[in-house]
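Asker: Here are the chains, one letter per residue:
Protein chains: 2
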Amino acid sequence: MRVIEWREGSLRFLDQTRLPLEEIFVTTDDEYVVADAIKRLAIRGAPLIGIGAAYGFVLALNKVTDASKVPAAIERASILLSSTRPTAVNLFRALERMKAEAAAFMSAPLLEFKLHLLEEALAIHREDEAMCRAIGEHGAALLPNAAVVVTHCNTGRLATGGEGTALAVIAKAWELRTLKHVYMDETRPLMQGARLTAWELKQLGIPSTLMTDSTAAFLMQRGLVNAVVVGADRITLNGDVANKVGTYGLAVLAKHHGIPMIVAAPTSTLDFTLVNGSEIPIEQRNGKEVTHIGETRIAPEGVEVYSPAFDITPGELISAIVTEQGVMQYPFRDPIKRLRPGRSRAL
Amino acid sequence: MRVIEWREGSLRFLDQTRLPLEEIFVTTDDEYVVADAIKRLAIRGAPLIGIGAAYGFVLALNKVTDASKVPAAIERASILLSSTRPTAVNLFRALERMKAEAAAFMSAPLLEFKLHLLEEALAIHREDEAMCRAIGEHGAALLPNAAVVVTHCNTGRLATGGEGTALAVIAKAWELRTLKHVYMDETRPLMQGARLTAWELKQLGIPSTLMTDSTAAFLMQRGLVNAVVVGADRITLNGDVANKVGTYGLAVLAKHHGIPMIVAAPTSTLDFTLVNGSEIPIEQRNGKEVTHIGETRIAPEGVEVYSPAFDITPGELISAIVTEQGVMQYPFRDPIKRLRPGRSRAL
Chain A
0 MRVIEWREGS LRFLDQTRLP LEEIFVTTDD EYVVADAIKR LAIRGAPLIG IGAAYGFVLA
60 LNKVTDASKV PAAIERASIL LSSTRPTAVN LFRALERMKA EAAAFMSAPL LEFKLHLLEE
120 ALAIHREDEA MCRAIGEHGA ALLPNAAVVV THCNTGRLAT GGEGTALAVI AKAWELRTLK
180 HVYMDETRPL MQGARLTAWE LKQLGIPSTL MTDSTAAFLM QRGLVNAVVV GADRITLNGD
240 VANKVGTYGL AVLAKHHGIP MIVAAPTSTL DFTLVNGSEI PIEQRNGKEV THIGETRIAP
300 EGVEVYSPAF DITPGELISA IVTEQGVMQY PFRDPIKRLR PGRSRAL
Chain X
0 MRVIEWREGS LRFLDQTRLP LEEIFVTTDD EYVVADAIKR LAIRGAPLIG IGAAYGFVLA
60 LNKVTDASKV PAAIERASIL LSSTRPTAVN LFRALERMKA EAAAFMSAPL LEFKLHLLEE
120 ALAIHREDEA MCRAIGEHGA ALLPNAAVVV THCNTGRLAT GGEGTALAVI AKAWELRTLK
180 HVYMDETRPL MQGARLTAWE LKQLGIPSTL MTDSTAAFLM QRGLVNAVVV GADRITLNGD
240 VANKVGTYGL AVLAKHHGIP MIVAAPTSTL DFTLVNGSEI PIEQRNGKEV THIGETRIAP
300 EGVEVYSPAF DITPGELISA IVTEQGVMQY PFRDPIKRLR PGRSRAL
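Each protein sequence line maps, in turn, to chains A and X.
All letters in the first sequence, in the order written, are residues 0 to 346 by numbering that gives the first Met the number 0.
All letters in the second sequence, in the order written, are residues 0 to 346 by numbering that gives the first Met the number 0.
Since the hints were derived computationally from the structure, they do not count as laboratory data.
Be a bit skeptical, because a hint or two may be false.
[Said to hold, decoys possible] Each computed DMTMM-like pair below joins lysine to aspartate or glutamate, with the alpha-carbon atoms no more than 20 Å apart: (1) K336(X) x D232(X); (2) K201(X) x E174(X); (3) K62(A) x D35(A); (4) K201(A) x D29(A); (5) K62(A) x E21(A); (6) K98(A) x E21(A); (7) K287(X) x E315(A); (8) K68(A) x D28(A); (9) K62(X) x D35(X); (10) K38(A) x D14(A); (11) K254(A) x E315(X); (12) K201(A) x E303(X); (13) K336(X) x E278(X); (14) K113(A) x E4(A); (15) K336(A) x E300(A); (16) K201(X) x D35(A); (17) K254(X) x E315(X); (18) K201(X) x E303(A); (19) K287(A) x E278(X); (20) K336(A) x E294(A); (21) K98(X) x E111(X); (22) K287(X) x D270(X); (23) K201(A) x E22(X); (24) K336(X) x D270(X); (25) K179(X) x E126(A); (26) K179(A) x E303(X); (27) K254(X) x E315(A); (28) K38(A) x E74(A); (29) K287(X) x E303(X); (30) K336(X) x E315(X).
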């Protein structure tokens, strides 16, 4: 099953807001439907948002029948799609690429112009798929035989154009028959593990077990786990990793139990402007995500909540960082410097 | 506010099923109302169940107006109250005490007989209060000045006849002005932290903050916490502690960050038949507690769940075990042996 796909002039995508209870696909040739899908999280995950926006741009320009109206259509599509999720950097990168492609072929015949835009959107998608595949291959080679892996949050096909990052590692190891089982944290407060990762692993037929976030420690103590694999939101020059809150605790526990802690992320996650993790600002989530489940209050009125969206894992607690370019081992400063910014076109 | 209280021939108790949204008290002179309250968790927490059952026994015998009917009433009350929560050891201990008291004064005039039963129930309640007070005093002395404490699950007045165990330590430190702030884990899956501890700390006016279970690690890393205080379900001869799942992870994190890990529990929690924690059976909870919130499914159909009710923290990760008899430091084997079983009458 493909989460997003170009099919004969239309875009077909999975409505993630209905997961895991229903698998509803939407097929549309209307960029407004795509923009709305991004806004309401039907299409989510930074790389997937970029891919969706690129296809949305194609749909918008496909409607144009008069070459003189192309510039206005570009302007309209850019405003529409860029206003959906203002903080997703991949969205803006994808739209920049689409606009550059449009500018380059502005004087071509209209049909050729449209084909170039589609080719660019397909390239953005394909590059993301290739990035996922490379991460999966590099990462799977790191796992022990009969690997029993703990993972956190959602890092798979629902967030990227391919197999994902940490979940690509897991899926590749399953294909190579070196993976035995996956334990996934439910990932409070937003339950991405319970809702999305559980669904993805079931789709892939990978034996997996759901648990509360505080159960992982006990699994490790009992010797039931031999690797932790997670994604990353941002990685600094010294290899400090910002990722979904709970990652740092897993890293300390992995260290205590002598279990490898593996981070899988594209090189686009590397922030070459930051020396270490203390420079990463910590986004605070709305307390209601903790005090309420849906609209039902579970904690008393007026309780104060501390809910950082992510935490910082220092590089020295990480065994390996896997990107599409290969595997880096601690200490990370030199291998990260050698990656050179901008070498990858991945979103 | 008292969670359970004898008032002029009646029992008054807080209906905990309505917390934290409503504070509803029930006043009754009917033992069937008490038995039902225990069964539906309106009265919960092992020591509190014992106290509730003792008062229920008094109410049942108070109805008797003919001395010849006392033996049958004792039999009926015992069966009614002991069938409410079959695994709560405190319930059976309390009923044994009430029956022994009844047997001792069976030949006394009916009014005197009833007074002796009431005195015994009040004694059970008072002893539990004294136990909590002593734990609070011993434990508060261990906390650093301007203590910022992480706690887990619910260990307070809602579970005992007094101020609780870990929460008694926290309440006493607040009274002594050595406590600055409490961070409480929400405690998945049943949310005792979010629902009950948050409510109790608000009642006590203690500054407190709610967080997801996986946020504690990040707090420790940032140096925002200087002690962890938790309760215990069972303690073995070498000081291994079974407590709500998540406790072991907190202990590893506390060790990693050089923060004291304090366990507060009555001596009745000590199991003198078990040499170490590996002998404690691990109760598995129903997976629905993880896959559903209330009746709403959040994880996909058919997902496998691993949900141990508690975990085992080895004694070497615990800085101190506080009981009503005082403070024990690691290694615990000798001080625990010196406690001698049965010395305390606490439930």
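Asker: Each hint needs a verdict: does it hold in this structure or not?
Answerer: Results of checking the hints against the structure:
1. K336(X) x D232(X): holds (19 Å)
2. K201(X) x E174(X): Between K201(X) and E174(X) the Cα gap is close to 14 Å, so the pair holds against 20 Å.
3. K62(A) x D35(A): holds (18 Å)
4. K201(A) x D29(A): Violated - the C-alpha atoms of D29(A) and K201(A) are around 31 Å apart, more than 20 Å.
5. K62(A) x E21(A): violated (31 Å)
6. K98(A) x E21(A): violated (35 Å)
7. K287(X) x E315(A): Given pair K287(X), E315(A) is violated - Cα atoms ~38 Å apart, limit 20 Å.
8. K68(A) x D28(A): holds (19 Å)
9. K62(X) x D35(X): holds (18 Å)
10. K38(A) x D14(A): holds (12 Å)
11. K254(A) x E315(X): Holds, because 17 Å separates the two Cα atoms, which is no more than 20 Å.
12. K201(A) x E303(X): OK: K201(A) and E303(X) at ~10 Å, within 20 Å.
13. K336(X) x E278(X): Between K336(X) and E278(X) the Cα gap is close to 18 Å, so the pair holds against 20 Å.
14. K113(A) x E4(A): holds (18 Å)
15. K336(A) x E300(A): Roughly 49 Å between the alpha carbons, so the hint for K336(A) and E300(A) is violated.
16. K201(X) x D35(A): With a Cα-Cα distance of about 42 Å, the restraint between K201(X) and D35(A) is violated, given a limit of 20 Å.
17. K254(X) x E315(X): holds (10 Å)
18. K201(X) x E303(A): Within the cut-off at roughly 10 Å; holds.
19. K287(A) x E278(X): This hinted pair is violated, its Cα atoms lying about 41 Å apart.
20. K336(A) x E294(A): violated (47 Å)
21. K98(X) x E111(X): holds (15 Å)
22. K287(X) x D270(X): It is violated: about 31 Å lies between the C-alpha atoms, which goes past 20 Å.
23. K201(A) x E22(X): violated (43 Å)
24. K336(X) x D270(X): Judged against 20 Å, a Cα distance of about 11 Å means the pair holds.
25. K179(X) x E126(A): This hinted pair is violated, its Cα atoms lying about 52 Å apart.
26. K179(A) x E303(X): holds (15 Å)
27. K254(X) x E315(A): Satisfied, since the Cα-Cα distance of roughly 17 Å is no more than 20 Å.
28. K38(A) x E74(A): Within the cut-off at roughly 19 Å; holds.
29. K287(X) x E303(X): Answer holds: K287(X) to E303(X) is near 10 Å, not above 20 Å.
30. K336(X) x E315(X): holds (17 Å)
Going down the numbered hints, you'll see the structure goes against 4, 5, 6, 7, 15, 16, 19, 20, 22, 23 and 25, while the others check out.
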